[in-house]
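S.K.: One-letter residues, chain by chain:
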Amino acid sequence: MNPNSNRFLSALAITAIAAVSLNSCKPKGAEAAISGDAASKVYVAPGKYDEFYDFVSGGFNGQMSVYGIPSGRLLRIIPVFSTFAENGYGFSEETKPMLNTSHGFVPWDDLHHIALSTTNGEHDGRWVFANGNNTPRIARVDLKSFRTAEIIEIPNSAGNHSSPFITENTEYTVAGTRFSIPIQGNPDVPINTYKQNFKGTISFVKVDSSTGHMNIAFQILTPGVNFDLSRAGKGKSHDWFFFSCYNSEKANTLLEVNASAKDKDFIMAVNWKKAEQYAKAGKGKMVPAEYAHNIYDEVKHQATSTIEKQVLMLDPKDCPDMIYFIPCPKSPHGTDVDPTGEYIVGSGKLAALIPVFSFTKIQQAIANKTFDGTFDGFPILKYEAVLHGEVQKPGLGPLHTEFDNNGNAYTSMFVSSEIVKWNIKDVKVLDRVPTYYSIGHLSVMGGPTRKPYGKYMIAYNKITKDRYLPTGPELAQSAQLYDISGDKMKMILDFPTVGEPHYAEAIPAEKIRNNSIKIYKIEENQNPYAAKGEAQTKVTRNGNEVHVYMTAIRSHLTPDNIEGIQQGDVVYFHVTNLEQDWDVPHGFAIKNANNAEILIMPGETQTLKYIADKVGIFPFYCTDFCSALHQEMQGYLRVSPKGSNVALMFSTGKNYPAVDTTTKTVKP
Amino acid sequence: MKKVFNFTLLAAVLVLSSCNNNTTPVVQSESTEASPAAGQSAVQDNESAKDVVKVAASSKDHTTLVAAVKQAQLVDALSNAGPFTVFAPTNAAFEKLPKGTVEDLMKPENKEKLQDILQYHVYVGSLNTDLMQDGQTLNEVNGGNITISKKDGKVMINNSATIIASIPASNGIIHVIDAVLLPPAK
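Residue numbers (this note's numbering), protein chains in the order written: chain A, 1 to 668; chain B, 1001 to 1186.
Extracted from the complex, chain A is given alone in its bound form (with noise of 0.2 Å):
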């Protein structure tokens, strides 16, 4: 602190009487900005349903939350890149290799932002896609189930932040580096020959129109910067795709400052449709690489994980044409293709005014190479001739940009804490909302697609504070649902939510209902440990390694006596739930097990492996609610000492002579 602090903090004092009046007194904050029918509009009668299904990020609690919209009512939370121990994700031997990656398991990621498919621009309802912000991955959660189909890990890459966004026939979904690395070629190199030695990526993930299966396509080498986010181009535009960048600077240290040095940063224009044609061509080369493929078969219920050696890298150096800057103001965050396709916003953070990009201007400016010279030997299109308009005084801090189905744009503004609705086309603001507080995402229903649905739009916000009853220091996140049916925005109901959501997509319940599978077949499963009826359970021992075939129905397992287990011996209960009912999951859990529980619904097998490490009676129980006899659906494994000539047996509803081996075994 300057030395000359302390007199001003003694002027501090003698004035404090007269301080903080400000605006405290205001009413407004929680109280506030209520419209008088806003109950009706978010109530949803017991029973009824909700019009929109809104998938939610879960930023650090890596996974994806599922609510109902008008009435913000939570519906589930899908694991996807963080184990969770509710069901077993992670936990099972199932579901573990859905975690693997090139650096073995990794349990957490940070899931920043959903990307449901589209067909033709327009929501499809078949999968939405994740990205784990940390290691760098994208996941598919295939929307008949609500489950985690396909996590691919993102080579070369570092922070996939840029992601993932898809093409408007979820052709590709896309990956950038938040952070440059250095690529290929020696890693170990000081931090600061970062200019030298860090570049970028950006990936392009082919989606299997079928299967939905995702394979890297190929990879584009770029200058070293960070990679923030991306929207494809729609109708006019579709082959191209728009990434936001900052620290055009190459920073390396204090980005705070060091990134914000320069007026303008870019936004990025890469033709991917050419792209795909240089990389058919053989422009590109397989370079080593190293990642995994981890996809959940629903048939066998289990997962498999291949780690993948090498991808197809193109450099652009070889690559004509592909690859445009458009200079943006201060850092773009966001980057925004109207549904139209012709208009692309740039969110500079830091910038006074939000920029609006003409897609036809662009074209023109490629073709007349009207350019204001290049960065990293790529061609920098000039500012004012690409450019379709300004929007003077939007507020402070824009960061994303969502469009109605009116020509409208909505920008959510972080450091005023708002939202500004504009006009696409003369770029004049029309209405302003605060938000409770700190906005970051926002999203119209149907917002990114070539034709959203309007009517709700939400704030997801990053400073709950107050909003609700306190919780101590840790409290949810706050988000706001907004009324845009008319010309004014109107705050109706006020929600909160589970982890730290970024971004959210919401498509109308009917897209996918009626494809939400309610049970697993029975007859279908092919996992190899299943047990499809209680005549196949069994006990097995390979060295010290034992597997139980375990069944589950209303009100017993089978087996649930089960002895002859060792000190030491691993033990792994193949449990399948043989109801065919809807919501009649069966859960399992046994005393001291290092992991968690499994769940396991109608006609699925899941398995938990166990460490039999102590001797004596273990219990072990349904931990899913299932019947009014769910507290009687319990058994004991029994552990003896290791060499015990206790025999290896199992039974359910039947005593055995009874072997007791007590006075034999423990020590004095």
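Source of the hints: derived by calculation from the structure; they are not laboratory data.
Where hints are given, some of them may not hold.
Between beta-carbon pairs, the in silico distance windows are [to be verified]:
#1 1112/B to 380/A: 25 to 35 Å
#2 1111/B to 285/A: 55 to 65 Å
#3 1152/B to 290/A: 52 to 62 Å
Result set (EDC-like, lysine to aspartate or glutamate): computed pairs, CA atoms no more than 20 Å apart in a straight line [what the hints assert, rightly or not]:
#4 264/A to 249/A
#5 144/A to 523/A
#6 1113/B to 1103/B
#7 428/A to 1112/B
#8 393/A to 1112/B
#9 455/A to 431/A
#10 609/A to 624/A
#11 206/A to 171/A
#12 465/A to 1045/B
#13 262/A to 249/A
#14 393/A to 1109/B
#15 1111/B to 431/A
#16 521/A to 581/A
#17 262/A to 1134/B
#18 532/A to 298/A
#19 465/A to 1047/B
These figures come from a predicted structure and were not determined experimentally.
All C-beta atoms, glycine included, are put in the ideal place defined by N, C-alpha and C.
Position chain B against the provided structure of chain A, taking the given hints into account.
M.R.: Quick look at chain B alone, frame taken from chain A:
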């Protein structure tokens, strides 16, 4: 020093608690238009450190600045997460402006001009003087640049205002300066 802080805190408590009577929860409808401002300034919190607005409001040397921040409706924005570096001209600094300038800026019709000037005093990012470098330019909230010069431990802005004290705040830092910064013409 400790005594100083306690005294300040006590005063803040007094003021805030007097507000409590007026802000009992009201479950009533109000129109959206009734609340153009958005921010954390109304959050009742006597435990956390003070934000930049509250710190400035605690200073008898900054009454002009604080009045101007209110008039420009920047209280809410500056109570938010930031982080902010605020260059805070003293009352004396405002007095150095040509006679009538401040009065003129405080008129409702000049609100945008006032906002522009005040936003020229705010940088998004929290910079203590150690992080400032001679010759560095910083892009301020209004879009204009300021230039830092640093000689013999003295830090100046645009070669016209000197940092005479620096006070950390919960959402950034305040650098007290002895002259008002005037944004370059756009």
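S.K.: State for each hint whether it applies.
M.R.: Okay, the hints, checked on the actual structure:
{"no.": "1", "hint": "1112/B to 380/A: 25 to 35 Å", "verdict": "32 Å, holds"}
{"no.": "2", "hint": "1111/B to 285/A: 55 to 65 Å", "verdict": "60 Å, holds"}
{"no.": "3", "hint": "1152/B to 290/A: 52 to 62 Å", "verdict": "54 Å, holds"}
{"no.": "4", "hint": "264/A to 249/A", "verdict": "10 Å, holds"}
{"no.": "5", "hint": "144/A to 523/A", "verdict": "19 Å, holds"}
{"no.": "6", "hint": "1113/B to 1103/B", "verdict": "13 Å, holds"}
{"no.": "7", "hint": "428/A to 1112/B", "verdict": "17 Å, holds"}
{"no.": "8", "hint": "393/A to 1112/B", "verdict": "10 Å, holds"}
{"no.": "9", "hint": "455/A to 431/A", "verdict": "16 Å, holds"}
{"no.": "10", "hint": "609/A to 624/A", "verdict": "19 Å, holds"}
{"no.": "11", "hint": "206/A to 171/A", "verdict": "6 Å, holds"}
{"no.": "12", "hint": "465/A to 1045/B", "verdict": "9 Å, holds"}
{"no.": "13", "hint": "262/A to 249/A", "verdict": "7 Å, holds"}
{"no.": "14", "hint": "393/A to 1109/B", "verdict": "16 Å, holds"}
{"no.": "15", "hint": "1111/B to 431/A", "verdict": "19 Å, holds"}
{"no.": "16", "hint": "521/A to 581/A", "verdict": "10 Å, holds"}
{"no.": "17", "hint": "262/A to 1134/B", "verdict": "17 Å, holds"}
{"no.": "18", "hint": "532/A to 298/A", "verdict": "16 Å, holds"}
{"no.": "19", "hint": "465/A to 1047/B", "verdict": "12 Å, holds"}
The earlier numbered hints are all upheld by this structure, with none contradicted.
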